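Student: Take a look at the letters that make up each chain.
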Amino acid sequence: MTLQELAQPRQDYSYAFLDAHAKRELRRRILKGIAIPGYQVPYASRELPIARGWGTGGLQVTLSLVGPESVVKVIDQGADDSVNAANLRRFITRMSGAQTTTDALKATILQSRHRIPEEIMGEGQALVLQVPDPEPLRGVTADISKAHQMHADSDYGQMWLLLYEQLVRYRQYIQGASYPALVNGRYVISPSPIPRWDNPKLHQAAHLTLLSAGREKRLYAVPPYTNVFPLEFSDVPFQVEDQQGRDCRTTHIQNKFMNELPQEDGSSQFELSDSGYAEKLMKQGAAGATYYDDQGNFYHADYLKPPVKPTL
Amino acid sequence: MYVAARGGEDAIQHAEQFYQAMLGKLSLDTIHTIQQQLPYLIDKVMGEGSLYSPELAALALAQTGGDVYEAVLLLRAYRSTQPRIAYAEPVSADQVLTVRRISAAFKDIPGGQVLGPSLDYSHRLLRLDVLDGLDDDQIPVAPEAENLASPTYPAVADWQRAQKLLPSIEAEQIEPVSIPDVTTDAVLFPAPRAHRLQALSRADTGGVLALGYASMRGYGLIHPTVNELRLGYAEVEMKHPITGEIFSAGRVRVSQAEVITSDGESGKAGYQLGFAATMGWNEVKLIAASTLDMEMNSHEPHPAHTEEFVMYHTEPVESSGFCIHFKLPHYVTFASSLDSVRKVIDTFYGGDKSQQQPQAAETAQQVQS
Numbered sequence: 001m002t003l004q005e006l007a008q009p010r011q012d013y014s015y016a017f018l019d020a021h022a023k024r025e026l027r028r029r030i031l032k033g034i035a036i037p038g039y040q041v042p043y044a045s046r047e048l049p050i051a052r053g054w055g056t057g058g059l060q061v062t063l064s065l066v067g068p069e070s071v072v073k074v075i076d077q078g079a080d081d082s083v084n085a086a087n088l089r090r091f092i093t094r095m096s097g098a099q100t101t102t103d104a105l106k107a108t109i110l111q112s113r114h115r116i117p118e119e120i121m122g123e124g125q126a127l128v129l130q131v132p133d134p135e136p137l138r139g140v141t142a143d144i145s146k147a148h149q150m151h152a153d154s155d156y157g158q159m160w161l162l163l164y165e166q167l168v169r170y171r172q173y174i175q176g177a178s179y180p181a182l183v184n185g186r187y188v189i190s191p192s193p194i195p196r197w198d199n200p201k202l203h204q205a206a207h208l209t210l211l212s213a214g215r216e217k218r219l220y221a222v223p224p225y226t227n228v229f230p231l232e233f234s235d236v237p238f239q240v241e242d243q244q245g246r247d248c249r250t251t252h253i254q255n256k257f258m259n260e261l262p263q264e265d266g267s268s269q270f271e272l273s274d275s276g277y278a279e280k281l282m283k284q285g286a287a288g289a290t291y292y293d294d295q296g297n298f299y300h301a302d303y304l305k306p307p308v309k310p311t312l
Numbered sequence: 313m314y315v316a317a318r319g320g321e322d323a324i325q326h327a328e329q330f331y332q333a334m335l336g337k338l339s340l341d342t343i344h345t346i347q348q349q350l351p352y353l354i355d356k357v358m359g360e361g362s363l364y365s366p367e368l369a370a371l372a373l374a375q376t377g378g379d380v381y382e383a384v385l386l387l388r389a390y391r392s393t394q395p396r397i398a399y400a401e402p403v404s405a406d407q408v409l410t411v412r413r414i415s416a417a418f419k420d421i422p423g424g425q426v427l428g429p430s431l432d433y434s435h436r437l438l439r440l441d442v443l444d445g446l447d448d449d450q451i452p453v454a455p456e457a458e459n460l461a462s463p464t465y466p467a468v469a470d471w472q473r474a475q476k477l478l479p480s481i482e483a484e485q486i487e488p489v490s491i492p493d494v495t496t497d498a499v500l501f502p503a504p505r506a507h508r509l510q511a512l513s514r515a516d517t518g519g520v521l522a523l524g525y526a527s528m529r530g531y532g533l534i535h536p537t538v539n540e541l542r543l544g545y546a547e548v549e550m551k552h553p554i555t556g557e558i559f560s561a562g563r564v565r566v567s568q569a570e571v572i573t574s575d576g577e578s579g580k581a582g583y584q585l586g587f588a589a590t591m592g593w594n595e596v597k598l599i600a601a602s603t604l605d606m607e608m609n610s611h612e613p614h615p616a617h618t619e620e621f622v623m624y625h626t627e628p629v630e631s632s633g634f635c636i637h638f639k640l641p642h643y644v645t646f647a648s649s650l651d652s653v654r655k656v657i658d659t660f661y662g663g664d665k666s667q668q669q670p671q672a673a674e675t676a677q678q679v680q681s
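Residue numbers (our numbering), protein chains in the order written: chain L, 1 to 312; chain Y, 313 to 681.
Derived by calculation from the structure, the hints in this document are not laboratory data. These numbers come from a predicted model, not from an experiment. Do not take every clue at face value.
[Stated by the list, open to error] Covered, in the sense of this in silico footprint (three residues per stretch, anywhere, with C-beta under 8 Å from a C-beta of chain L), are these stretches of chain Y:
(1) 373 to 379
(2) 596 to 609
[Said to hold, decoys possible] Partner residues are not named here, just some residues of chain Y that face chain L (Cβ under 7 Å, in silico):
(3) 616
(4) 640
(5) 644
(6) 645
Glycine included, every Cβ here is placed at the ideal spot set by N, Cα and C.
With the hints as constraints, model all of the structure from the sequences given.
Tutor: Here it is as structure tokens:
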């Protein structure tokens, strides 16, 4: 017997790029993540033909879920046509033969960087969020071994201290995107750098959310119908980004997350960040139900509360 | 507008075509030339790419126009699709067909110092005559040996072990499949030694050098002594699955370094070794990496020399990938921080932006972080 005979015949890449061992590992980790909502599950994280830090975590999850019958939507900052979203979509379809869509409600797998769509996602849909830094405690400890222990002990005192210090200094929470959230009353997660506007959408969602960090080799999940609350003191409620008075320049819709476009005269114009939703409004004049209505009311009444500025 | 370049698909295809047009035609000749004339670059890329294939490394370099991080990523992405069909037999230093082997710890060592091929003592003068085309008929030749050198040499550390200067070690008998594998395991800390040595072997040369240099310069053990540095060729020996006989499937260029110190691991008398090895010949990386290996064993290493810090921050594919990802649009996260900054400004200055805002800059920094 020769070495030649022992070696596998040269073949093209596996279906959906990842080999069967990698897929099996990912699927097991995903199941574990779903079973323990918010718990960061370590995984090996294979190198992909896409640079690390460009969505390889989300991509590995998508590649382990995708099948020929899947319908995939990929967005970056809310846009389907952003260059990186286009590139990831091209890779997923090239390797899997899956169909693509820009319609958030038609997608079976929706891979996203930094946004959750405006339309309410439904059961059977999987939202895959790309995560640069899975560790919400990174700001209070850079050491992941320590952070791991703190999660195990539900030791989130330093996170509360951080918020308290913000209130003392600025009379409000000043965290931008990646606002920490408590999942199922147990684990604090970084919801990935989605704006605060999108945080509430994870609460009691009908869809499954999978969050995956390829470089940091951790994945975690928010299963359907799970409680997700932002870290907030009971007397100083969490606030989403103010979208009041922002009028989309193409659809003239309001109270959705807007991109601010600086103008030469010093003013700003606004347009919908969710390009698939904008496209639907322009083409059909209508779209599915949204998490926030036209007055900016969130669909779970009383989840968001009016601002309170502490007097310290 | 590059961020949401409308028609993103076309844009990215054109950008790639532009790049390829700039590089010109790729030919087999170019690749073979790179492979033959730039062996140290090939070795660096193979080591960091953790795939031994001079031809694929040359192709990766040609395809990326010599962008080393891109070339390493190409190899890694290709490697991650390849099945592991077998495990090679372990290689020990005294079996390596050694072409260069030096020790700074002793004037002479059993088997002798072997300088081998090196630029260490060359004068770093540009060969400007080459540009003038004056050297056309000068083909460099290695000096003829008076006595044929031995192909193999004992390990310096073995002599030190016999002298009881180093603790003696027994090679563990381990089933190859049970060796922890940094490419297929979830890495947790403290990491098994196998993970650490594999990570150092695949590490970014520049990254390892920066952290290792910080140790040498004064943040760590200060003066590691190079106990042994070795470059050579190792036989890739496989066990035949039917006959069980061991045969060589080929030779690979390998290098290894050991540094020695008496003040490494706390509470232990005598000397300790730091070790690193990689595919290909890469001396600077290994001296730095073996220093870091020793640092990681010490009781209270500098924060930049802990296992977690070193392993995370010297990963070439992850560090370079994350660094360049900042080119991607971040306008949603920026909008989120802008909202917070504006609210703070509004709270303290009532929206009057003409006032002095001593805290605003500080706030912006916090929100960004």
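Student: Going through the earlier hints one by one, which of them does the structure break, listed in rising order?
Tutor: Violated hints (numbers, rising): 1, 2 and 3; every other hint is consistent with the structure.
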